[in-house]
Amino acid sequence: MKKFTELDGLVMPLDRANVDTDYIIPKQFLKSIKRTGFGKNLFDEARYLDKGLPDADCSQRPLNPDFVMNQPRYQGASILLARDNFGCGSSREHAPWALDDYGFRCVIAPSFADIFFNNCVKNGILLIVLEEDIVNELFKETFAQEGYRLAVDLPSQCITKPDGSTIAFDIEGSRKNILLNGLDDISLTLKNESDIVQFEADWQNKAPWLFSQKRA
Amino acid sequence: MSGMTLYDKLWNSHLVKDLDDGTSLIYIDLHFLHEVTSPQAFEGLRLAGRKPWRADANMATPDHNVPTTTDERSRGVEGIIDPVSKIQVKSLDSNCDEFGISEFHIDDPRHGIVHVIGPEQGRTLPGMTIVCGDSHTSTHGALGALAHGIGTSEVEHVLATQCLVQKKAKNMLIQVNGQLSPHVTAKDVVLAIIGHIGTAGGTGYTIEFGGEAIRSLSVEGRMTVCNMAIEAGARAGIVAVDEKTIEYVKGRPFAPTGELWEQAAAAWQDLVSDEDAVFDKVVELEAADIVPQVSWGTSPEMVAPVTGNVPDPANAANESKRNNYLQALKYMGLEAGTPIQSIMLDRVFIGSCTNSRIEDLRAAAAVVKGRKVAANIKEALVVPGSGLVKVQAEQEGLDRIFTEAGLQWREPGCSMCLAMNADQLGEGEHCASTSNRNFEGRQGFGGRTHLVSPAMAAAAAVHGHFVDIRDLELH
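Top to bottom, those sequences are chains A and B.
Heads up: the first sequence begins at 1 in my numbering, then just goes up one per residue.
Heads up: the second sequence begins at 1001 in my numbering, then just goes up one per residue.
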């Protein structure tokens, strides 16, 4: 899994609260059986003027000139600045896959939805929760300054602004560890194999009916 | 030291170990799979040379992509016209075959929406931990199970290890006191709850739904409520076990029998929060205050009573909400102050894991019986949640009631809830839907979703606009 240590990136402001996972990646693109290729359909319904279909040639599609992502000043952005409850709705991991495939490695917002948060950690995407006032400030600064960049340092949990001032952020130890080390979570869990086997044996004793449901 | 909540009990009984970093390893009793969120997980297993830890603890069914027209379904998987959908369903079939996982195939009489067939078959049992790559897995919590949605990487993790690494959530109790008024349904209760606490009100919590009004609901009604716990931000929603739960489970195909049944039923008596359990947060609502709800906006929290109006963004609590409301009104093509009952509709959808069980269909049929779909309704679909629900509905004559009234009777599947198949709204069309999400584009590009109960959707079909179900004469 991809590691995250530090990132110096252009910021794109998505000034909309409650961005749900349907907005991030509409359902027709979930028909793919791959983990990659979703970047071109990130924010599809806001980004393009026409309706998106899987396997369509997106280079031929009409872009929505009003959508922030299509503005020249935000091309190449790797940090997404967002509002409350970003990533609410479905558990589709295709949402972080789309963000990552496009090039976003970090999202900053006042709050995130739960399942979405977990899915991002699994994909090496750093989600940073900051106080609403600070996020408001960042939005103002990003809009005001073309080419606005932030430098994010995960080990020191610090964001550096263009003027050199810094913002500290919190992150759960377990999540920080996974991101820093790009850990393969299944291998890690299987290190506890004997504990799982033991639990299973005990549980089967206590609740035998859970182990005997007949095959369909 | 205080007692344990039901969530505490379910968590503790499945705790394999607490890990060094503040997370825990939780054992998963039952893992449901469908065709959309599993292909990459199976591919991951394959690439790593791993096998499922416990193949028999998994159950699969294709539901999101499948067509619902009888003609397409008559030819099984080969009848799927959309080539990309067909590949995805076939991938599920071959993956389950390869890894020895039970699947209800598209042409199995018991096939249906995963969160309908699990409880229906008695695979979902009280006291279990249950996961699936779908956020509405919270549905199964209605039977006193700890059930929630997971992403595809976690699907792979559960397949490989039978466990999940989790941080324990906080405890929230939502208590609905008193008795519900006639024609006020489980769907109205949960919409009112979400309207009250907001779509992030439950984030970081497992919600236990309790109180007299919740207890008064049937198990199917409780499933409707738990289904939408995720729309309030809570990954899992649960209802304590009582006689209704036990009765519901008894005798189902995969339910324990004989000696094991006696043991299980006795153990399940403990699946209630202790008297002295302490919740991190308690929210109380009065059932008497709840009236039939209609969503007017692009988030499940944007609901109003059917007797009310589309709200004015100027009255929103803060600027962020105001902007949200303005955006929503623009997308929905609605003006502030519009009476809910004057919103004209183009389509009606009765279905989804929220409301497609036999009681939902009976409620809808009671409204349309002897009546006809209004002239301005282009299409009204009734999509039963499973093959068995469909058969039962047909035995009760409900299908004929629907078709005589001008609604279409379809085959089971997720259908227009998320419109991954051909059942979609046209741009700008308003739909009365018994599903769970009204996000922009959810039911089709530019589609405008209004979430309601089955009876309200049926009444809207007949009148062409929303009406207060309490004012209608029902058969």
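In short, the hints are calculated from the structure, not lab data.
Owing to the predicted nature of the structure, the values given are computational and were not obtained by experimental measurement.
Positions of the beta carbon are idealized from the N, C-alpha and C atoms, including for glycine.
Please note that the accuracy of each hint is not assured.
[What the hints assert, rightly or not] Subject to a maximum C-alpha distance of 27 Å in a straight line, what follows is the list of computed BS3-like cross-link-like pairs (lysine-lysine):
#, chain 1, residue 1, chain 2, residue 2
1, A, 40, A, 51
2, B, 1168, A, 191
3, A, 206, B, 1378
[Claimed, not checked] Listed next, with one range per pair, are the computed distances between beta-carbon atoms:
#, chain 1, residue 1, chain 2, residue 2, range
4, B, 1333, A, 188, 24 to 30 Å
5, A, 54, B, 1022, 37 to 43 Å
6, A, 208, B, 1319, 53 to 59 Å
7, A, 59, B, 1323, 28 to 34 Å
8, A, 58, B, 1281, 24 to 30 Å
9, B, 1339, A, 188, 55 to 61 Å
Given the range 24 to 30 Å, decide if the beta-carbon distance of residue 1333 (chain B) to residue 188 (chain A) lies inside it. The hint (24 to 30 Å, Cβ to Cβ) is violated, given that residue 1333 (chain B) and residue 188 (chain A) are roughly 50 Å apart.
Residue 59 (chain A) and residue 1323 (chain B), beta-carbon distance inside 28 to 34 Å? With a Cβ separation near 32 Å, residue 59 (chain A) and residue 1323 (chain B) satisfy 28 to 34 Å, so the hint holds.
Straight-line Cα separation of residue 40 (chain A) and residue 51 (chain A) no greater than 27 Å? At roughly 13 Å apart (the allowed maximum being 27 Å), residue 51 (chain A) and residue 40 (chain A) satisfy the hint.
Residue 206 (chain A) and residue 1378 (chain B) were given as a pair; does the straight-line alpha-carbon distance stay at or below 27 Å? Distance of about 55 Å is beyond 27 Å: violated.
Residue 58 (chain A) paired with residue 1281 (chain B), Cβ distance criterion 24 to 30 Å: violated (44 Å)
Hey, residue 1168 (chain B) versus residue 191 (chain A), does the alpha-carbon distance stay inside 27 Å? holds (21 Å)
Look at the Cβ atoms of residue 1339 (chain B) and residue 188 (chain A) and judge whether their distance stays inside 55 to 61 Å. holds (57 Å)
Lying within 37 to 43 Å: is that true of the beta-carbon distance residue 54 (chain A) to residue 1022 (chain B)? Since residue 54 (chain A) and residue 1022 (chain B) have Cβ atoms about 40 Å apart, the given range 37 to 43 Å holds.
Look at the Cβ atoms of residue 208 (chain A) and residue 1319 (chain B) and judge whether their distance stays inside 53 to 59 Å. holds (57 Å)
Hints 3, 4 and 8, counting from the list given before, are not met by this structure.
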